[in-house]
Amino acid sequence: MKTRITELLNIEYPIIQGGMAWVAEHHLAAAVSNAGGLGLIGAASAPAEVVREEIRKCKELTDKPFGINVMLLNPNADEVAQIVVEEGIKVVTTGAGNPAKYMELWNKAEVKVIPVVASVAMAKLMERAGAAAVVAEGTESGGHIGSATTMTLVPQVADAVSIPVIAAGGIGDGRGLAAAFMLGAEAVQMGTRFVAAKESIAHDNFKQQLVKAKDIDSTVTGMSTGHPVRSLRNKMTKEYLRLEAEGADFMELERLTLGSLRRAVVEGDVVNGTLMAGQIAGMVKQIQSCEEIIQEIVAQGKTLLKL
Amino acid sequence: MLKRVKEIIEEQLNLENVDITEDTRFKEDLGVDSLDLFELVMAFEEEYGVEIPSEELEGLTTVGAVIDYMKDKGVDA
Numbered sequence: 002m003k004t005r006i007t008e009l010l011n012i013e014y015p016i017i018q019g020g021m022a023w024v025a026e027h028h029l030a031a032a033v034s035n036a037g038g039l040g041l042i043g044a045a046s047a048p049a050e051v052v053r054e055e056i057r058k059c060k061e062l063t064d065k066p067f068g069i070n071v072m073l074l075n076p077n078a079d080e081v082a083q084i085v086v087e088e089g090i091k092v093v094t095t096g097a098g099n100p101a102k103y104m105e106l107w108n109k110a111e112v113k114v115i116p117v118v119a120s121v122a123m124a125k126l127m128e129r130a131g132a133a134a135v136v137a138e139g140t141e142s143g144g145h146i147g148s149a150t151t152m153t154l155v156p157q158v159a160d161a162v163s164i165p166v167i168a169a170g171g172i173g174d175g176r177g178l179a180a181a182f183m184l185g186a187e188a189v190q191m192g193t194r195f196v197a198a199k200e201s202i203a204h205d206n207f208k209q210q211l212v213k214a215k216d217i218d219s220t221v222t223g224m225s226t227g228h229p230v231r232s233l234r235n236k237m238t239k240e241y242l243r244l245e246a247e248g249a250d251f252m253e254l255e256r257l258t259l260g261s262l263r264r265a266v267v268e269g270d271v272v273n274g275t276l277m278a279g280q281i282a283g284m285v286k287q288i289q290s291c292e293e294i295i296q297e298i299v300a301q302g303k304t305l306l307k308l
Numbered sequence: 017m018l019k020r021v022k023e024i025i026e027e028q029l030n031l032e033n034v035d036i037t038e039d040t041r042f043k044e045d046l047g048v049d050s051l052d053l054f055e056l057v058m059a060f061e062e063e064y065g066v067e068i069p070s071e072e073l074e075g076l077t078t079v080g081a082v083i084d085y086m087k088d089k090g091v092d093a
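Here the protein sequences line up with chains A and U, keeping their order. Quick note on numbering: this note's numbering labels position 183 of the first sequence as 184, and the sequence is numbered without any gaps. Quick note on numbering: this note's numbering labels position 19 of the second sequence as 35, and the sequence is numbered without any gaps.
Hints are not guaranteed to be accurate.
[What the hints assert, rightly or not] Derived lysine-lysine pairs resembling DSBU-like cross-links, with alpha carbons at most 30 Å apart:
| id | chain 1 | residue 1 | chain 2 | residue 2 |
| --- | --- | --- | --- | --- |
| 1 | A | K102 | U | K89 |
| 2 | U | K87 | A | K102 |
| 3 | A | K109 | U | K89 |
| 4 | A | K102 | A | K58 |
| 5 | A | K208 | U | K19 |
| 6 | A | K286 | A | K65 |
| 7 | A | K3 | A | K286 |
| 8 | U | K19 | A | K125 |
| 9 | U | K22 | U | K89 |
| 10 | A | K102 | U | K43 |
| 11 | U | K43 | A | K125 |
| 12 | A | K125 | U | K22 |
| 13 | A | K286 | A | K303 |
| 14 | A | K102 | U | K22 |
| 15 | A | K236 | A | K199 |
| 16 | U | K22 | U | K87 |
| 17 | U | K87 | A | K125 |
| 18 | A | K239 | U | K43 |
No lab work stands behind these hints, which were simulated from the structure alone.
For reference, chain A alone in the conformation it holds in the complex:
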């Protein structure tokens, strides 16, 4: 499946693994890249030297291209941006903000910059600032989300920019890939399905919750804080939403979620942890290797697209 994205990133299949905090580390990224997609290491809020270590470990597991997701709110973002260049990484996706201040550094080092965007205006400004592509991420996604849906955002972004568009949010199988292509995307980014991959280091309890999840099992917390997060509903989200409805202040809400993603991913606390996942969680039926996931999606997508 050749698209401008597979050409740009030098990958076999137009499938990118999301840069999920805690989950997107070197094992998962290498497995996705080895399977012909693009694996990403999510720098999230990690200290810069941890990111460097992750990159080096990933290089030991794959000689295929892989990228880094730089979370721009990370206080260490400046250092991470530099490490990307020093370690010879050629693809960066960015989240939680505006990567313009790193564009010159990265473009000079021939790093392809792919910002995650949640609106047409942002996509246009990123294209102008030198982005090589954009990820148009709909509100179906897990983790931090915007408000536009994938169905509405992808075609509008595709119409507004001439750089290639990667669709994200609510994509979990070949039908989703085919639909995204119909909307004008040239690749898809998936997170939730890869959290449940065999190579993912997410705790087995978390993976089992994904397998068990039904269509309506995700919920959005934090609307009132301006930073909404989608995750699987559990005791924590119920308590959070109750407090939020009562008008609890930011600090009180923060207390519930401080370290809660780590609790879910690392410790397997599915009761009090934040099980970040997208609406597609209901379609995760089993734990499979990245190779199996990608082959299945590509085969189904090709059939539907008559490729």
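On the provided structure of chain A, position chain U as indicated by the hints.
Just chain U now, with coordinates in the frame of chain A:
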């Protein structure tokens, strides 16, 4: 220029009769989030024919900062 900037902000954010001065802060006073800011920037660019590079956005936190930026770029209004 303040009057026109105020109109643009009201139009973009679907607000009416907001009290806007040069000291008005986008985020704290108007509840503008990062996506709204991108919309506003595009509207200001269109109005004044000035391109605001994305790396400048961090500094444009108040209405006055936008007006100063435009004046700096030779906008006469």
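Going down the list of hints, with the structure as the test:
1. A/K102 to U/K89: holds (20 Å)
2. U/K87 to A/K102: Within the cut-off at roughly 23 Å; holds.
3. A/K109 to U/K89: Between A/K109 and U/K89 the Cα gap is close to 27 Å, so the pair holds against 30 Å.
4. A/K102 to A/K58: holds (28 Å)
5. A/K208 to U/K19: Not satisfied, since the Cα-Cα distance of roughly 55 Å exceeds 30 Å.
6. A/K286 to A/K65: With Cα atoms ~28 Å apart, A/K286 and A/K65 stay inside 30 Å; holds.
7. A/K3 to A/K286: holds (28 Å)
8. U/K19 to A/K125: holds (27 Å)
9. U/K22 to U/K89: OK: U/K22 and U/K89 at ~19 Å, within 30 Å.
10. A/K102 to U/K43: holds (20 Å)
11. U/K43 to A/K125: The given pair, whose Cα atoms are some 22 Å apart, holds under the 30 Å limit.
12. A/K125 to U/K22: holds (24 Å)
13. A/K286 to A/K303: Distance of about 21 Å is within 30 Å: holds.
14. A/K102 to U/K22: holds (28 Å)
15. A/K236 to A/K199: holds (26 Å)
16. U/K22 to U/K87: With a Cα-Cα distance of about 16 Å, the restraint between U/K22 and U/K87 holds, given a limit of 30 Å.
17. U/K87 to A/K125: Since the Cα atoms of U/K87 and A/K125 sit roughly 24 Å apart, the hinted pair holds (cutoff 30 Å).
18. A/K239 to U/K43: The given pair, whose Cα atoms are some 29 Å apart, holds under the 30 Å limit.
The structure fails hint 5 only (numbered hints given earlier).
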